[in-house]
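The primary structure of each chain is shown beneath.
Protein chains: 2
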Amino acid sequence: MDSKDKRNASCGSSAIVHNPHLDALKDDILYHFSLGTGTHDLRAIFGDVKFVCVGGSPWRMKSFIEYIAAELGMEDPKSEYPNICAGTDRYAMYKVGPVLSVSHGMGIPSIAIMLHELIKLLYHANCTDVTVIRIGTSGGIELEPGTVVVTKQSVDATFQPKFEQVILGKTVVRSTDLDQSLAEELLQCSKELNQFQTVVGNTMCTLDFYEGQARLDGAFCSYTEKDKQDYLRKASEAGVCNIEMESSVFAAMCKLSGLRAAVVCVTLLDRLKGDQLSSCHEVLQNYQQRPQILVGYYIKRQLKTKAGVSQV
Amino acid sequence: MDSKDKRNASCGSSAIVHNPHLDALKDDILYHFSLGTGTHDLRAIFGDVKFVCVGGSPWRMKSFIEYIAAELGMEDPKSEYPNICAGTDRYAMYKVGPVLSVSHGMGIPSIAIMLHELIKLLYHANCTDVTVIRIGTSGGIELEPGTVVVTKQSVDATFQPKFEQVILGKTVVRSTDLDQSLAEELLQCSKELNQFQTVVGNTMCTLDFYEGQARLDGAFCSYTEKDKQDYLRKASEAGVCNIEMESSVFAAMCKLSGLRAAVVCVTLLDRLKGDQLSSCHEVLQNYQQRPQILVGYYIKRQLKTKAGVSQV
Numbered sequence: 001m002d003s004k005d006k007r008n009a010s011c012g013s014s015a016i017v018h019n020p021h022l023d024a025l026k027d028d029i030l031y032h033f034s035l036g037t038g039t040h041d042l043r044a045i046f047g048d049v050k051f052v053c054v055g056g057s058p059w060r061m062k063s064f065i066e067y068i069a070a071e072l073g074m075e076d077p078k079s080e081y082p083n084i085c086a087g088t089d090r091y092a093m094y095k096v097g098p099v100l101s102v103s104h105g106m107g108i109p110s111i112a113i114m115l116h117e118l119i120k121l122l123y124h125a126n127c128t129d130v131t132v133i134r135i136g137t138s139g140g141i142e143l144e145p146g147t148v149v150v151t152k153q154s155v156d157a158t159f160q161p162k163f164e165q166v167i168l169g170k171t172v173v174r175s176t177d178l179d180q181s182l183a184e185e186l187l188q189c190s191k192e193l194n195q196f197q198t199v200v201g202n203t204m205c206t207l208d209f210y211e212g213q214a215r216l217d218g219a220f221c222s223y224t225e226k227d228k229q230d231y232l233r234k235a236s237e238a239g240v241c242n243i244e245m246e247s248s249v250f251a252a253m254c255k256l257s258g259l260r261a262a263v264v265c266v267t268l269l270d271r272l273k274g275d276q277l278s279s280c281h282e283v284l285q286n287y288q289q290r291p292q293i294l295v296g297y298y299i300k301r302q303l304k305t306k307a308g309v310s311q312v
Numbered sequence: 001m002d003s004k005d006k007r008n009a010s011c012g013s014s015a016i017v018h019n020p021h022l023d024a025l026k027d028d029i030l031y032h033f034s035l036g037t038g039t040h041d042l043r044a045i046f047g048d049v050k051f052v053c054v055g056g057s058p059w060r061m062k063s064f065i066e067y068i069a070a071e072l073g074m075e076d077p078k079s080e081y082p083n084i085c086a087g088t089d090r091y092a093m094y095k096v097g098p099v100l101s102v103s104h105g106m107g108i109p110s111i112a113i114m115l116h117e118l119i120k121l122l123y124h125a126n127c128t129d130v131t132v133i134r135i136g137t138s139g140g141i142e143l144e145p146g147t148v149v150v151t152k153q154s155v156d157a158t159f160q161p162k163f164e165q166v167i168l169g170k171t172v173v174r175s176t177d178l179d180q181s182l183a184e185e186l187l188q189c190s191k192e193l194n195q196f197q198t199v200v201g202n203t204m205c206t207l208d209f210y211e212g213q214a215r216l217d218g219a220f221c222s223y224t225e226k227d228k229q230d231y232l233r234k235a236s237e238a239g240v241c242n243i244e245m246e247s248s249v250f251a252a253m254c255k256l257s258g259l260r261a262a263v264v265c266v267t268l269l270d271r272l273k274g275d276q277l278s279s280c281h282e283v284l285q286n287y288q289q290r291p292q293i294l295v296g297y298y299i300k301r302q303l304k305t306k307a308g309v310s311q312v
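These protein sequence lines are chains Z and B, in that order. For the first sequence, position 236 (counting from the first letter as 1) is numbered 236 according to UniProt numbering, and the numbering increases by one without interruption. For the second sequence, position 257 (counting from the first letter as 1) is numbered 257 according to UniProt numbering, and the numbering increases by one without interruption.
Derived by calculation from the structure, the hints in this document are not laboratory data. A couple of the hints might just be wrong.
Stated by the list, open to error - One-sided excerpt, in silico: chain Z residues whose CB lies under 10 Å from chain B:
| # | residue |
| --- | --- |
| 1 | Leu-25 |
| 2 | His-32 |
| 3 | Ser-103 |
| 4 | Glu-117 |
| 5 | Lys-120 |
| 6 | Asp-156 |
| 7 | Gly-169 |
| 8 | Ser-257 |
| 9 | Asp-275 |
None of the values given here were measured: they were computed from a predicted structure. For every residue, glycine included, the Cβ atom is placed at its ideal position computed from N, Cα and C.
Put together the whole structure using the sequences plus the hints.
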């Protein structure tokens, strides 16, 4: 029985890699994590991971691990949470108990590199029943700033729920479906928390922050305020509640790997009313904590439920 | 005479913004730099900038500013080079004399956000005659690892020299032409330096590092080794010397802004022979210094020539 068969025989569902070439590699170097199968015992380090939270900013992902450690009563007495990827500045990674926190930078290509290596990491570490949640920031449409959006479907700039992956110069279309039951559970958690408004809706994922999101304040802008308003209203009519830059490839890759996944982003402004992030630092900081609080609550509840089941 | 007219009356050529809405902004917040016209005197801080070097890694861009400071005899006696963007973790920025060094993360969306804000920064600071050079890493095709490639044209995954920008859901095609005389000058500098091999050739810019570059070692791979070899050989026949993830939008945006621009990337491996970056740390570090050395030499020479002209 080889390692792959063993994996299938275990009771939980594993992260799936779809790559027949991987087994032929003597070592697998996860270059952008500065980790590898030849240099690290990935099973020992990561084997117990059940929740992976990812977000653009390394600072935010560090603050998330400190927050979740306190929530789970797993604080390090010295408050030291070493960056597991300290050998590189591409991404930052932190771990407390079953929770992994990883930064992914900005945009589809940056998060895609991270996800390729994360999925291989979970596979090599033989992790089972993993839930992956992106906690991020976004621009809202017709929502009070500070509202949290749990993504129903990630759509492209033409409001279609698809992600186009170019392979050997040819475009392959992938589904951006996310786990609907997980989205509902997160919405329920927000109701229980009762600290801020949360909605479930579509999220538009773009390749650009300025022209790609109809902003009027980039270095280039060839359209009018009316063109912008028309475009954002059309998006709103298509069910788009917020706009960010990573959800489509995140949804597509998690689905392909059989990972339960959700996208939870706070809206920092209402794009119908402006483009610039001019709220004061404290207000933006407060907003950015909301996805952390919601996902922290969800993880805590899941772990409690599981502990309860184990005791029975 | 308003500030714009003054700008046009100055003798050098300015960074051009194509956005009639910008003048209506009371303050312009460069959010991802944590800088702004209302909070910073951009002209005082950046007005003397003549060279902007950009690269993916914040560590590398800090090491570049230390290197260029030593080369130009402008070292800080305390070796302190503060990060001008210390208020954010999105990008890092360093400055020594007329040289600005800025990180841009990985991928087209990440560098595009940086470039929008950089172009506005140069515009607000009234900088003139600015040259922008990307110094990066790449995968090579049929080149000895460590070879430096100065980009002639940036091409997409179908080997076409174009960049597709989505605006209001519609695709606009932009030229990826780079400054050919600058590329030739950089090649001449490499000959004078005589420390490593440098070539001028096309650079393929992709949206993905694994499937998008025909790697066999991602989490997903649906093609064979032969498919990969065929694709890379076709790229080579189209003049592609190396593959990276930022050059197309970099070329397009610099061209639109009237900025003289070049892309100088070292090849870390020959993609026909492998996919993983398995060379030892020291070798990869040595390779990564080559674009810095070449661009440092170029900047030093330009400043000397200019000083000579001023003396005459």
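We went through each hint and held it up to the structure:
The interface hint given for Leu-25 of chain Z holds, since its Cβ lies 6 Å from the closest Cβ of chain B, which is under the 10 Å cut-off. About 8 Å separates the beta-carbon of His-32 of chain Z from the nearest beta-carbon of chain B, less than 10 Å, and the hint is met. Hint status for Ser-103 of chain Z: holds, given a least beta-carbon distance of 9 Å to chain B, under 10 Å. Restraint check, Glu-117 of chain Z versus chain B: the minimum CB separation of about 8 Å is within 10 Å; hint holds.
Interface restraint check for Lys-120 of chain Z: the shortest CB-CB distance to chain B comes to about 5 Å, inside 10 Å, so the restraint holds. Given the 10 Å rule on beta carbons, the hint for Asp-156 of chain Z holds: about 8 Å separates it from the nearest Cβ of chain B. The interface hint given for Gly-169 of chain Z holds, since its Cβ lies 5 Å from the closest Cβ of chain B, which is under the 10 Å cut-off. The restraint placing Ser-257 of chain Z at the interface with chain B holds, with a minimum CB-CB distance near 7 Å, inside the 10 Å limit.
The beta carbon of Asp-275 of chain Z comes within 9 Å of a beta carbon in chain B, closer than 10 Å, and the hint placing it at the interface holds.
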